[in-house]
Amino acid sequence: MNSKDFDQLLRKKLNGHSVTPDPKVWDAIQHQVQSSGRRHYLWWGAFAVLILGAAAYFLWPKASETATYPENTSTSEVLKESPQATPNTKNMTASAQLIEESRTTTSQLAPSKSNALAALAEEENEVQKERYAASKGSQPPGLSTSSPKRQSSLASPQGDDERDSPTGNTLATVDHKSIKEKAIENTQKKSSSNNQLLSGATENSEYSSASIGSGSKSKMQKLNTQEQEQDNNLLREENERRAATSPLWNALSEEASAVAASDELYSNQGFKGFQKEAFLKLERRQKEALQGHDLCDMLFPSLEDCPEFGDRRRRYQVDAYTQTGVLFSHLTNNFSSEEISTYLGQRRSTETPLWHIGFGVRLSTQWTNGISMRGGLQISQSKIRVDYVDETQRQTTVNVSIDTLIDDQGNTTVVWDTISIIETGVEDRRHYNTFTQIDIPLTVGYTFLGPRYDVEINGGVMFNLLFQRDGSVFGAEDNFYALGASNPPAGQQPYDQKLGLSIIGSVALNYHMSQQFSLFVEPQLRYFLDPVSPGDYALHESWFIGSLMVGGRYSF
Amino acid sequence: MLSEEKIISGCIEGQGDCQKALYDLYSGKMFALCIRYAKHKAEAEDILQEGFIKVFDKIDTFRGDGSFEGWIRRIMIHTAIKYYHKASRQNESLGWETLPDSPLRPEVYGQLDADQIMEMIQELPKGYRLVFNLYSLEGYKHKEIADMLDIGESTSRSQLTKARAMLQEMIGKMYSLVL
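Taken in sequence, the protein lines are chains A and B. The numbering used here puts the first residue of the first sequence at 267, with every later residue one more than the last. The numbering used here puts the first residue of the second sequence at 803, with every later residue one more than the last.
This is chain B alone, in the form it adopts within the complex (with noise of 0.2 angstroms):
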């Protein structure tokens, strides 16, 4: 099996075989991230697909100084935030409001899946879906989301206080334990 470092140097090339042995080390991951995303499967293919093309196109960019994986996977990220853009935009403004403890048992938790967190996250209206995902999951800063949705800071605060909301109400039907 090829290196990651061989990989890289044969992409820049343009060799056709590197190219298709980053795909599989990577698609598998990339795919669960832009299903996060999308709206549905199509739309996480579409993401998929001209994440890798951007990929491909820009290797010869990457410089190194990260993990090769978190380079691909902002670009997905970005793909992916693009995607959103091209569609309706989010523009609610809501107040602050602070998520209450969960009512959930810990325990319930343990009990998910990584398949049935993803159906979930998939059911998310798709700003909330956006936020969850930058904040809670990729790391992102409030601030960071704001200008990458062109949302305000508020919205991205408040967004994500209902999908966490959401999600926890998901996972309480699923499981028929709100307290």
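Okay, chain A solo, but in the shape it has when bound (with noise of 0.2 angstroms):
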């Protein structure tokens, strides 16, 4: 039995022979299907998610702060128990009610400039009037009322005989301490530079306790304006300093001087106090005013040690960087037909996406609050290959055996020779296609300072310039068509003269070398939001592309 023999035979009692495989087989075929069913959607998900969480960022209105400070509830508990306050215990019941309308007032405020002037304006206005009710024992003509329950504890007729009540009396003063001391340890926490004057605010505080009962107006006198000299000294002090960083820590240090001003006024009638609450309130909303949304108060209202990040001063910033990622190219029928679906399955197993990379260079501006925004220009190309079998033609070499000879001895010689010769066939083949594009990104983001990193969060759009296409892909009507061609046939063009608009969020994280320069890694997701293919053409082609973005940063 020769070879060709054998190799039937085997095959025919081979033919159809069927043996039945494991189940667990089947278990993993299908948990494996499902599972890269689920890939495919968590890819998704995680991109959705990204863009929903950075758009719930900017766009989440201020969080409310009345959760950091559950004294509150004390406060109106101690202003319902103690009708009968004195006026160093209405004074300060004020105070501690001040606090807690400004805290009810700070939550619903927007965090613009303006708006933060303007609610000022409005609390300092009811501070006043609280002050002048308070002083006078009833509410002066002309003004508007504030709340009832502030009325009847401020307009209390009560006089300095009830001021040693055992029972309102320790209770207030207990209480409003504890706020005090409450507001001022925040307020410590917030801001290391505010540590002088806080010191003096609660000296202040406790000199103000102490003096209750004394019945010494003139020394009580004499110390508060010692410490309103102490105080206006430390506020100027405060005010040369910020002033040189910030125009809106000017204004709102008008403000401020406004309030102690009119303090200044009431301190003469032994109502001390309210100059610190005041200036007190002012330094937390001038730091808010600055920094505006604070991610950690916003997702942790009740946590009160948020970590503080980086002096938010007004910043200018270079990038230049450089990035490799991957390419995602999803085809889909832009047509239903018979004709292209099978063109489909034609371009989905000869084309494999694969790198992109690129470079760029990005300009930042980043104001005092953290929100930045960035713009630039970027170089990147995207890489495609493609494996496909020329059904057409092959070369190939054989061995051709071209005569027998036999010499006189009868001795045989098999006479080789090798030959090329061309025969139909199929032949598989390689190239790969490139596309260049020049894009601006333009982003805005969020950073979290640190001394010697910071994180930034960013999310914007990227306008594509330039698209240009090298190489070649299988065309609908079964041939190879030549990319970047200037004048396509309509509905030839497999891809668009330019890419258009795409989405792209990152997450950067940059490490100071030195004030001046850092180092960043920052992936970026990019989404194409229309198509690359045209409208006309037989398929719908999508992309999206998955980087990391490395550079250098100089900042001035």
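Hints are supplied without guarantee of correctness; some may be wrong.
[Said to hold, decoys possible] Below 27 angstroms or equal to it, Euclidean Cα-Cα: the simulated BS3-like pairs (lysine-lysine) are:
#1 K278/A <-> K843/B
#2 K928/B <-> K278/A
#3 K860/B <-> K843/B
#4 K975/B <-> K279/A
#5 K270/A <-> K841/B
#6 K278/A <-> K860/B
#7 K975/B <-> K290/A
#8 K764/A <-> K822/B
#9 K270/A <-> K943/B
#10 K278/A <-> K808/B
#11 K943/B <-> K290/A
#12 K964/B <-> K290/A
#13 K649/A <-> K860/B
#14 K945/B <-> K290/A
#15 K964/B <-> K764/A
#16 K649/A <-> K808/B
#17 K860/B <-> K270/A
#18 K964/B <-> K278/A
#19 K860/B <-> K279/A
#20 K270/A <-> K928/B
#21 K808/B <-> K764/A
#22 K290/A <-> K884/B
#23 K841/B <-> K649/A
#24 K279/A <-> K808/B
#25 K290/A <-> K843/B
#26 K270/A <-> K964/B
#27 K279/A <-> K843/B
#28 K822/B <-> K290/A
#29 K270/A <-> K808/B
#30 K279/A <-> K945/B
#31 K279/A <-> K928/B
#32 K964/B <-> K279/A
#33 K290/A <-> K856/B
#34 K278/A <-> K975/B
Just so you know, these hints were derived from the structure itself, not from any lab.
Two independent chains are provided; combine them into the complex using the hints.
Encoded structure:
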């Protein structure tokens, strides 16, 4: 039996032979097919979460800080429980309520400067009304009323005789001090620059409490004057320091001065503590206005110890970066027909998206509240591998026996030769298509400043300026179509002339090498809003790019 | 029972019952094929699993211009070859050898059944087994086999020759009829 027969016989024996596989194989296949589908949705889910998270962050109204001060409840209770407070106690309950009101109003404020100032002016008006009412024991004519609760406590007709009330006075004093200390502690945590001022405020608070019941008005006024001078000095120093960096601070400081001036009038009448409360409130409001939204405060309103980042000064930055990533391409039918389905299969089976590389420069400006805006120019290139079978021709080298020669002695010599012949068949081929792009990225972001590391969240759009295509793909008419033709016939160009608009999102980690220079790594996702194929083309092709940017940043 | 056409269209849409129907229809034949290429049963199961994953993933590219079974078969063969590349590569380069005519009487072959042949093929060294499967049973040319396995064409020929010789020897031992 020769080789051919041997092969044929075995082939015949094995033809149709079947062996049942273990059932666990199907279980494994099913699991893998399902998890493959889930992975696909996970990618889109992660992208959607990123975009929604960025959108929610920028659009979310400022969260209430009421939860930061649980003492508010006790303040209200004190106000209810102490209807017979003495004038000093009244001052304190009014101060406590001022803080409460300040917090409530703060929670309703928009982060913009104009809103902050408008709300500030309104509050100050309220403060003056309260003081006037407290000092006169009744509401002044022509001033609008504050809340009924406040009126009942502030406009109490009780005089100095009831100052030493053992229940209301003690309870109100302790609670007020507690609130004040909390406010001071909170402010201390928020700003180390206010330490000096706050220590003065604490002393003042202690003194104010201690002075209750002393009956020595002259001594109290003297100490009030000293403390006021101290406060004014501290305020002036703070203003000078901040004025160099923030026009907003200047504007708010003017408001603070107005409060201090009005307080001076009332302090002469023995109503100490207002300017402290007002100043603390303004301090807090100034910081809030300067910082804008704080993500930590927003997400964790009950957390008193949110970390404080950086100096929040206005910055300008220049970035230079390179990027490497992966291109994802998705092909679907643009029209429903059997021919196009076949063509779709042909394109899908032949094309494999590969890497994406690029470089770019970016200019940024970062405001004091941490929000930044970036714009630049980026040049990048995507690559797609095309593997296909050429069914038209293949070149094959074969050995051909030319002849068998027999010499005189009867020896046989076989003469061989190698020739090349062209025969019809199939041949695997491979080439690469390149897509060069020039884009303008525009993003807005938020920066969490740190002493050594910054974390940035950026989101925005990318405008395509140039889209150059090189290579060839299977055409819809079963031919190879060269990309980048200048005047392609309608419906035959597989790619658009421009890529259009894409949305981008990224998270960057920035490491400071020095005051000016830093290095950053930034994973970025880019989704093309429009398909990269023309609308009249047989197939609909959409792109998605995931890349990692690495670069340097110069700040000035 | 679903027709092959409906099974295919259902698989394109990702319907689980059609995928199961397709698997039930072809898994037996394909597993037999995988066993011939694999070193052992576990490897054959791996090849079968990976092959069917590819089938489900690429089924929308099936053009319908050939038999569907042949299309699946080619996927399984390429998956098996991929496994071969993962393992050590055979890089023998032997000279041209011709297979002597079989010393076995023709009636011996008639007594062989498919399972016995499968067992013997599995006992072949890996390189021999692949070349024999591809050339003798699947009908590929030596050049195609050489390209697929990344070996020389002469290697493919020599391994085929040795595979045949070993099979004949095994058959002979089985029946103790070596002449």
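* **Hinted pair K964/B and K290/A, Cα distance within 27 angstroms** => violated, 36 angstroms
* Regarding the pair K278/A and K860/B, is the alpha-carbon distance no greater than 27 angstroms? -> violated, 30 angstroms
* Given the hinted pair K964/B and K278/A, is their alpha-carbon gap at most 27 angstroms? -> Satisfied, since the Cα-Cα distance of roughly 21 angstroms is no more than 27 angstroms.
* Pair hint K964/B and K764/A, alpha-carbon separation not exceeding 27 angstroms -> Between K964/B and K764/A the Cα gap is close to 59 angstroms, so the pair fails against 27 angstroms, i.e. violated.
* CA of K270/A to CA of K964/B, is that 27 angstroms or under? -> holds, 15 angstroms
* Asked: Do the alpha carbons of K270/A and K943/B lie within 27 angstroms of each other, as the hint requires?
  -> This hinted pair holds, its Cα atoms lying about 14 angstroms apart.
* To do: Take the C-alpha atoms of K279/A and K928/B, compute the straight-line distance between them, and say whether it is at most 27 angstroms.
  => holds, 21 angstroms
* Asked: Holds or violated: K964/B with K279/A, Cα cutoff 27 angstroms?
  -> Given pair K964/B, K279/A holds - Cα atoms ~21 angstroms apart, limit 27 angstroms.
* 27 angstroms Cα cutoff - pair K860/B, K843/B -> holds, 25 angstroms
* Is K290/A close enough to K856/B, meaning Cα to Cα at most 27 angstroms? -> Given that 27 angstroms is the threshold and the Cα spacing comes to 18 angstroms, the pair holds.
* Asked: Is K928/B close enough to K278/A, meaning Cα to Cα at most 27 angstroms?
  -> Holds - the C-alpha atoms of K278/A and K928/B are around 22 angstroms apart, at most 27 angstroms.
* To do: Compare the distance between the alpha carbons of K945/B and K290/A with 27 angstroms, and conclude whether the hinted pair is satisfied.
  => violated, 37 angstroms
Comparing the model with each earlier hint shows violations of hints 6, 7, 8, 10, 11, 12, 14, 15, 16, 17, 19, 21, 23, 24 and 29; every other hint is respected.
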